[in-house]
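Chains as they are written, first to last, in the numbering used here: chain A, 252 to 576; chain B, 252 to 576.
Careful, some of the hints might be misleading.
One copy or any two copies: either way a pair holds, since identical chains are not told apart in the list.
30 Å max Cα-Cα, derived DSBU-like pairs, lysine-lysine [to be verified]:
#1 K505 / K479
#2 K335 / K450
#3 K335 / K505
#4 K574 / K261
By construction, these hints were calculated from the structure, which means they are not laboratory data. This one's a predicted model, so the numbers in the text were calculated from it and none came from an experiment.
2 protein chains.
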Amino acid sequence: MKAILVNQDKSLRWDEVPDPVPLEDEVLIRVEYAALNRADLMQREGDYPPPAGCPEWMGLEVSGEIVEMTEGAKAKSSYRIGDKVCALLGGGGYAEFVAVRYDMCMPVPQNCTMAEAAAIPEAFATAYLKLFVEGHAKAGDTLLMQAGASGLASVIIPMAKAFGLRVITTVIRDPESIRHLGADLVVDTREQNLPAILKKEEDEGRAVDIAIDCLGGQNLGDCLPYVKYGCRWIVIAALAGATATVDLKNIYKKNIRIIGSTLRSRTPEMKAGILSGLVNEVWKKVADGAIKPTVYKVLAITEAEEAHDILYRGENIGKVILKVR
Amino acid sequence: MKAILVNQDKSLRWDEVPDPVPLEDEVLIRVEYAALNRADLMQREGDYPPPAGCPEWMGLEVSGEIVEMTEGAKAKSSYRIGDKVCALLGGGGYAEFVAVRYDMCMPVPQNCTMAEAAAIPEAFATAYLKLFVEGHAKAGDTLLMQAGASGLASVIIPMAKAFGLRVITTVIRDPESIRHLGADLVVDTREQNLPAILKKEEDEGRAVDIAIDCLGGQNLGDCLPYVKYGCRWIVIAALAGATATVDLKNIYKKNIRIIGSTLRSRTPEMKAGILSGLVNEVWKKVADGAIKPTVYKVLAITEAEEAHDILYRGENIGKVILKVR
């Protein structure tokens with residue numbers, strides 16, 4: 252089969268690789284669409300190696316058709332050959348086929364195209380992990396979602412709204428472009444100082460209960476004084492800078508938690524639990540249209556480099572998808 | 252009755268105050284011993300106000316005798332007038348009497364004197380909260396306990412050992428003086444570099460699962476690169492400095508949690524849950540001698556200022572206790 256490989260000079264090529272062979276409890280998926288994630292760029296740069304046992308090529312999520320099943324997968328799952336699924340991968344999605352444990356697959360939700368389904372696993376599982384598993388989100392909580400124009404925000408903001416949270420988000424251009432996501436307050440950080448706004452929110456009794464932060468940097472330290480007692484500040488990346496100076500007094504006096512949280516490093520058992528929660532609690536809100544995966548653009552798999560460039564340029568609102576077949 | 256009050260110039264006096272009146276679900280305790288905590292010094296300095304509804308005078312824990320019970324306390328608890336208890340307070344322990352909810356009281360464990368019992372509630376509840384509620388400690392985990400000569404360490408180290416953890420602790424003088432606590436590795440930070448030692452531990456497959464840190468400061472940021480995946484770094488004070496610069500990449504790549512955790516700010520319901528866990532799981536290890544409260548010195552209540560000076564000088568190993576009657 253073919254897969255996207257990284258050349259010595261970091262450019263990409265669509266080239267022959269060995270066919271994947273499904274191991275115990277795995278199914279083989281014929282990939283229809285693969286979605287991009289920022290982690291792919293880090294992996295391409297050599298900064299985020301895939302977990303042991305995963306293919307070396309990139310790709311954390313796909314949609315496609317089950318074309319082969321091991322005896323274990325047949326016995327333990329209700330999937331059958333021919334089922335359309337989307338799946339969360341340790342890696343290897345930029346390819347014609349991928350082998351994955353049956354419990355990393357999810358049925359394609361009602362009212363989703365296969366392209367939309369490819370946009371679901373990583374972003375929705377990450378959103379569910381952050382909001383509910385780490386964040387203990389409940390109706391009435393205030394969420395600060397950094398980088399409102401990111402792919403993850405395009406999932407988390409509608410999900411949070413669908414579950415009754417109040418959402419503050421940030422942009423660095425064109426607040427109008429994300430109005431449709433439904434955030435209650437969009438802060439344009441070119442013109443507005445986020446810590447000052449969080450202070451005002453706190454003064455008015457609406458301090459932040461949960462922050463989901465892919466930016467990091469000193470902004471994290473500057474915002475901490477204004478969050479609510481017991482706030483969960485969830486760090487998922489550090490695009491604005493890996494270094495933050497924090498006042499530990501804020502942290503211990505207000506019982507704040509700074510929670511490093513990535514989905515990819517979890518054990519398969521933990522991931523399976525997250526996916527199970529996601530299907531049970533969130534699928535119905537996808538089916539009834541309250542939450543919808545946002546596809547920014549679909550490109551051919553052979554255009555993977557151009558697709559990456561969209562992420563490098565930070566141009567996309569929602570997910571960039573590669574069409575494999 | 253009399254209680255210890257703070258003068259304008261921060262000196263202390265033993266003076267007349269109104270008698271406390273037990274409210275709904277409260278009991279009145281005739282105080283025998285009150286134990287000191289570092290939070291008392293912060294409160295004396297005006298830096299740590301007591302929660303609403305608590306007496307203005309200091310004191311987070313006492314031992315004594317129940318001398319009065321409300322109807323609510325009689326109906327909801329198995330305590331009777333004359334019972335000897337120790338109790339966790341929001342404040343007000345440096346006094347002849349204190350009123351407190353029945354579920355903030357615990358029976359005096361077998362094999363404990365009343366002076367030892369006064370040394371139990373705050374330190375043992377804090378230890379239990381940190382180790383088990385926040386830290387999810389289990390046998391085989393490696394604990395880093397900062398400030399091994401502190402009152403809290405004198406409880407946490409033996410408790411951790413009694414439950415099968417491996418313990419690394421730090422001192423700034425005389426490692427021999429805390430050998431009896433049973434830590435596996437005592438690091439003298441005058442001579443040894445803690446981050447370098449944690450790196451070595453990590454290289455040898457024994458990286459830190461849980462840190463309990465009353466020091467904070469830049470040491471926190473310098474140690475983070477070497478802790479284990481999923482480490483819980485619990486910040487309870489910042490005696491070495493409130494400011495720490497951290498690498499957020501460490502935090503999100505290793506799913507590290509920095510957890511601000513103070514006992515005092517919790518709701519009574521949360522505290523009651525912690526005390527209940529403590530009595531159910533830890534009392535038997537106190538009764539059989541595996542864990543023992545460490546009393547450094549007992550002074551008269553009228554010597555409260557000298558008692559505070561012992562804490563200010565950092566001289567005590569174990570708890571300093573005031574004898575009220």
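Verification of the hints:
1. For the homomeric pair K505 and K479, the shortest alpha-carbon distances inside one copy (7 Å) and between copies (25 Å) are both at most 30 Å.
2. Within a single copy, K335 and K450 get their C-alpha atoms no closer than 48 Å, and across copies no closer than 47 Å, so neither meets the 30 Å cut-off.
3. Taking the closest pair of Cα atoms, K335 and K505 never come within 30 Å of each other, the shortest separation being 47 Å inside a single copy and 34 Å across copies.
4. Within a single copy, K574 and K261 get their C-alpha atoms as close as 21 Å, which meets the 30 Å cut-off; across copies the closest is 72 Å, which misses it.
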